[in-house]
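Participant: All chains, please: the whole structure from these sequences, using the hints.
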Amino acid sequence: MKLYTADISPNCRRVEASIHHLGLSDEVEIDRVIFTSGRLQSDEFRALNPNGKVPVLVHKGRVLWESNAIMQYLADEAGDDEFFPRDHWQRADIVRWQFWEALHFNKAIGRICWETIAKPAFGAGLPDEKIIEEAVVDFRRFAGVLDKHLADKAYIMGDV
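Numbering (the working numbering), first residue to last: 6 to 165.
For the record, the hints were derived by calculation from the structure and aren't laboratory data.
Treat the hints with care, as some may be off.
What follows is a set of in silico ranges between Cβ atoms, one per label pair, in the way DEER data are often shown [what the hints assert, rightly or not]:
# : residue 1 : residue 2 : range
1 : 86        : 115       : 27 to 35 Å
2 : 95        : 156       : 17 to 25 Å
3 : 149       : 65        : 27 to 35 Å
4 : 34        : 149       : 27 to 35 Å
DMTMM-like mimics (lysine to aspartate or glutamate), calculated; alpha carbons at most 25 Å apart, straight line [to be verified]:
#  : residue 1 : residue 2
5  : 58        : 87
6  : 58        : 32
7  : 158       : 143
8  : 7         : 92
9  : 124       : 138
10 : 65        : 34
11 : 112       : 12
12 : 112       : 85
Cβ coordinates follow ideal geometry from the N, Cα and C atoms, glycine included.
Facilitator: This is the structure in structure tokens:
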């Protein structure tokens, strides 16, 4: 297996954490991509992921992108039924939270981080205060959902 990844991407970090948790470190070749290298926009990389983003997993002649899909695949490949259980309801619940995180929570955090950290670092202009304010409102809203869900449990999926 080969994973194209980047150090500063939270989506890549979650996949790499999954690889370590599942004991697949010796089976996955890591190819670190530097965002500013232009490699993600190359024809070669776009053939793997037309979005020009990481993470990307290549395994058995197939290509898979999107961190949550990669994590699910890796759990199945490792045969780990605790990380991504076979029970349909438990799987659906995990997938629900993965979608929620990607579409709501991470989106809000991502907008804040882009405007306040990445945009200035990449010389992409000044932070847009209106975008930051809107993202903070969204972050607080979705953090409240998570706080309420965690009120009586240690982890999103329970206490184990």
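Participant: So, for every hint listed, does it hold in this structure?
Facilitator: Hint-by-hint comparison with the structure:
1. About 31 Å separates the C-beta atoms of residue 86 and residue 115, a value consistent with the hinted range of 27 to 35 Å.
2. Remark: the range hint 17 to 25 Å for residue 95 to residue 156 is upheld by a beta-carbon distance near 20 Å.
3. With their beta carbons about 42 Å apart, residue 149 and residue 65 fall outside the hinted range of 27 to 35 Å.
4. The hinted window of 27 to 35 Å between residue 34 and residue 149 is violated, with their beta carbons roughly 41 Å apart.
5. Pair hint residue 58 plus residue 87 does not hold up; C-alpha atoms about 29 Å apart against a cutoff of 25 Å.
6. In summary, the hint linking residue 58 to residue 32 is supported, as the alpha carbons are separated by about 22 Å, within the 25 Å threshold.
7. Restraint check for residue 158 and residue 143: satisfied, since their Cα atoms lie roughly 23 Å apart, inside the 25 Å limit.
8. For a cut-off of 25 Å, the pair hint linking residue 7 to residue 92 is broken: about 29 Å separates their Cα positions.
9. In summary, the hint linking residue 124 to residue 138 is supported, as the alpha carbons are separated by about 16 Å, within the 25 Å threshold.
10. Restraint check for residue 65 and residue 34: the C-alpha separation of about 13 Å stays at or below 25 Å, so the hint holds.
11. Only pairs whose Cα atoms come within 25 Å are accepted, and residue 112 paired with residue 12 is accepted, the gap being roughly 19 Å.
12. Distance hint between residue 112 and residue 85 is unfulfilled; the C-alpha atoms sit about 29 Å from each other, more than 25 Å.
When held up to the earlier numbered hints, the structure conflicts with 3, 4, 5, 8 and 12 and fits the remainder.
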